[in-house]
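Knowing the structure of chain G, use the given hints to seat chains W and E on it.
The lines below spell out each chain.
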Amino acid sequence: MADVTQLIHDYLRHNKKFPHVFCAGCGHGIVLGSLIRSVHALGLPKDDVVLVAGIGCSGRMAVYVDFNTVHTTHGRALTFATGIKMANPRLKVICVMGDGDAMSIGGNHLIHAARRNIGVTALILNNQIYGMTGGQCSSATPQGDISMTTPFGSLEKAFDIVDMCKAAGASYVARGTSFHAIQLDRLISSAIMHPGFSVVEVFSPCPTQYGRKNKFRNAVDMYKWLKSNTVKVETLKDPTQKPDDGRIPIGVFRDVEEPGLEERYFELQRKLMGQNR
Amino acid sequence: MKAPQPIDRFEIRLSGLGGQGLITLGRLLGSALALGHGYYVTQTQSYGPEARGGSSRADVVVSSRPISYPKTESLDLLVALSPEACNSYYRLLKKTGLLLVDTTLVKHAPTNVYLGLPFTQMAKEQIGNPMTINTMVMGAVTHLLPFADARVMRKSLEANLPAKIREVNAKAFALGLKQAQRHFGDAGGIWAAAEENGAHSEDDIIV
Amino acid sequence: MAVQRKKRKRRELFALGNEAVAEGALLAGCSFYAGYPITPSTEIMEVMANRLPLIEDGVFIQMEDEIASMGATIGASLAGRKAMTATSGPGFALMQEHIGYACMVEAPLVVVNVMRGGPSTGLPTSPAQADVQMARWGTHGDHPIIVLSASDVQECLEMTVTAFNFAEKYRTPVILLLDEVTAHTREKITVPDPDEVEILSRVTPTVPPEWFKPYADTARGVPAMAPIGSGYRTHVTGLTHDVMGYPTQRPDEVKDAMLRLFRKIDQYYGDIQMSDEYMLDDAEVAVVAYGSVARSAHLAVEQARERGAKAGLLTLKTLFPFPRPAVEKLTHRCHTVVVPEMNMGQMSREVKRVNNGRTKVRTINRVDGQIITPSEILKAIL
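Sequences listed follow chains G, W and E, in order.
First residue of the first sequence: 6, per this note's numbering; consecutive thereafter.
First residue of the second sequence: 20, per this note's numbering; consecutive thereafter.
First residue of the third sequence: 96, per this note's numbering; consecutive thereafter.
Looking at chain G on its own, in the form it has when it is part of the complex:
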C-alpha cells in the first residue's frame, strides 16, 4: 500500500461506516484526504481534533474519520462549533460545510463567526449545487447555470465566498480546489494553526448533479476545467482585483494575526478574577 493511502487508513473508522456515500469523481474525498494529511503533518492528537459537519454531501464526511465528530443540522454547524470551542478552547475545531450549507441557510452564522473571530476553521466545500437532494441551485451556483430548480438558467448572482468572509472580518481567508491537492494541504494546515476564524473555500466538483447539467461530459472534464480556469493569486499583478479573463484566483487572500474570541474572553476572565481575588 502506498504510504499516503496507509496514512489515510490510520485516520478512518473501520468499525462500520463503509462504503462511503460519495459518487465517483466527487471532489470531497480529495478534501478529506487533504484534511487528514494536514492534521497528521501538524502532529495533532486525534483526541484534540473535533470535526463538526453540517448537512449535505460534505456533512457525511464526519462519520468516516476517527476524530471527535459531530454531524449537526443544516447550516448551523458553526454554531455548534462555536459552543464547543468556547466550552473547551484547547480543542482544534474544524467545521466542514457545503456551499448551500454555509452560504445559503447558514450565511448568517458564517458572517458572525467571521465577525467575532472565533477560533474555528471553516472548510467550505463548494460544489455549486445541492448535491444530496438531487441537484438544486444554491447561492453559489453561477448565474445562468442549469439545476433542477433553475431549469431555464439561474437568474441570481452567486456569492463570492472569499469576498464575503473577508468583508465580514475573518482573519484568514483562502481558496483552493480539489484539483490542486498539494496546495490545498498547505492552505488547510495554515488555516488550522491560525488563531481566530479561518476559512478555506474549496472548489470541489460534483459531476453527478452539477456537471451533467452544465455541459461537462465527465468528471475528468471538471478537473481539467479547474486546472485551466484558476490562477494563483500571488501571480496576479493586482491581487485585489479579479482577473479580466474570468479565471478564479486561488491561494491565501488574507492572513492577519488577531486573537480569537476565546482567547480574548478567557483573558478578560483572568483579569476579572484577578481583581476579585
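For lysine-lysine, the following BS3-like pairs were computed, each having C-alpha atoms within a straight-line distance of at most 25 Å: (1) G:K22 / E:K350; (2) E:K412 / E:K283; (3) G:K22 / E:K308; (4) E:K412 / W:K90; (5) G:K171 / G:K237; (6) G:K247 / G:K171; (7) E:K447 / E:K412; (8) G:K232 / G:K220; (9) G:K247 / G:K237; (10) E:K455 / E:K474; (11) W:K113 / W:K126; (12) G:K162 / G:K218; (13) E:K412 / E:K424; (14) G:K51 / G:K22; (15) W:K174 / W:K190; (16) E:K474 / E:K447; (17) E:K350 / E:K308; (18) E:K474 / E:K405; (19) G:K21 / G:K51; (20) W:K143 / W:K183; (21) E:K474 / W:K90; (22) E:K424 / E:K405; (23) G:K21 / E:K308; (24) W:K174 / E:K283; (25) E:K474 / W:K113; (26) G:K229 / G:K218; (27) G:K220 / G:K162; (28) W:K174 / W:K197; (29) G:K21 / E:K350; (30) W:K90 / E:K283; (31) G:K51 / E:K308; (32) W:K114 / E:K474; (33) W:K174 / E:K104; (34) W:K126 / W:K197; (35) G:K162 / G:K237; (36) G:K247 / G:K162.
In case anyone wonders, no lab produced these hints; they're calculated from the structure.
Okay, now just chains W and E, sitting in the frame of chain G:
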C-alpha cells in the same frame, strides 16, 4: 429584625410616567419591606415598549402571610404622579384607601379627599435633581405606612443604591419623609380617619 | 478526628423570577450560557452576562439569533458543560429544530421559555401560557420531552435546579416554561448554600475508549456520556443512529433506538411528574392550574373555602410528561374540575383526555394579555 406586625394583603400602586423611576421605586420599596422588615412582598410592574414617556406603574403587595395572587385587585394606597395615572387608577382604590398625588403635576384630583405634596417641584428646587422624585415619594410613603420603620427603610434604600447617587437620594428620602410628617399628621390618625369615614366616597369622583 | 462544620451560606434576595432562574442555574452548576435578547426573558441573559465571566471557566456568549444560541448550547453540552439558554415565544419557535437535535443526540441542557402573548410578535410585554403544546410537540418527529413550570419566584430558582438535574439524569433537553407574570414579579427568595442542594451530573463512561458504546442501552435506558476531548472519540449525529452513534436505517436498530428514547423517560414518570396539592382531601371542585395562574387559583380556593365551598387546587409543576395520576384521582372524586389558563385550552385538552368524560371539566381561558384573576376563578368554582 422585629417580628413583622400582622397585615393581610396591603396593596400599593405607584403610577405615573415612564422616566419617573417608578419601577425602581417599586423595587426599593419592596426590597425594604421584604428584606428589611421581613414581610412577604410581591412587586410587579406594567410598562409600554417606550423607555421614556408613556405610562408606567409598579405594584407592591405586602402581607405578613404568604401572598398567593401577586398582582393588585383593590388598592390600599395609590400614588399618582401624573393626572392620567390618577384618573385611570383612582377607581381601583378601596373605600378605605388613600390617594397620594404629586401636586405639581396633578392639578385636579378626582376627589377632594387626598394627600398631596409638590414632589416634582421639591425635587427640582430643594434637591436640585428631578431624578430624585422617586426616593422622595418613598420617604412620604414610608410615613404613610404604619407598618414601615423609617430607619429600616432608609438603610435599605442606601444599601440598594450605587455610591454615586446615594447621598442625594438619601436627602430626597429625608425631605419626603419630613414634609409628609409635617403636612399629613400622624399616620395612625390618617388611617383611622379613612377607616371611619372612607378616605373618599363615590360622590367625590369628578367626571 | 475533628469535624469541621462549615457554616451554611444562604443568601436572601429581593429578586425577579428571571433573576431567580439565573441564580438557580448557577447553583445547579451551569457554566455555559448562549442566548439572544428577547422580552420578557432578557434579565436571565443579563444576569448570566454579569456572573459567568467571574466564575472559573464560566462562559457567556451572545449569539446572532436563537437558532445559533441553541446550537452553541448543544455544542457546549457535548463538550461536557452544563449549559442553558433562555428565550420567549418567537425565539422558542426558532429553537425547535435544535431541540429535536438535542433529543436525538441526548444532549443534557435547559431551555427557559418565558411565555408572552402570541401568535407571532403578539404582546411582547404581556403574559400568556400559549406555548404549552409547542413545548411538548414543537420540534418535528416523535420524541419524549420534559417540560416544567414555576409559579412563584422561589420556585423559579428551585425548578431551574430541578430542570438541570433532570437534564443530567435523563440526558435530555428540559424545558422550563414561565409566564411573564412569574418572570417579572419580584419576591424575597433564599438562595441556599450549594451544600444543601442535591445536584446531579451526567454519568461518564468507566470503560476504556475502545470498549465504549456511546448509545448502548442500560438498565436506566440512559447511556453514559463522554465529553468531547476526553479521549472517547465518538460520532454524534441527528440521523437515527445505532449503539455506536453511526447512522442506521436498519428497522431493528431504529426501533431499539427510538423505543429507548421513550423508555428512559417513561419508566421514571413517578420521579418526573411533580404537582402540589392544596385543600384537595375533601374537595368537590378542583382547580388544576400552573404558572402564575396557580397563584390566582390559590387565592380563589381560599376565598371559596371561606364561603363554605369545598374547593381545592392541584398545581402542576411538571407539565409533560403530563401528571396523569394526580389529575385522574381528581376526576374520580370531584364533581367539577376547573382549568384556568392564559390560552384557549392547551392544558385543559390534556385534562379532558385523562378525564375521559367522567366528570365536568370547566375551562377559563384568557388571551387578552391579562392574568386570570382570583375572582374569575372563584366565579367558576361557586
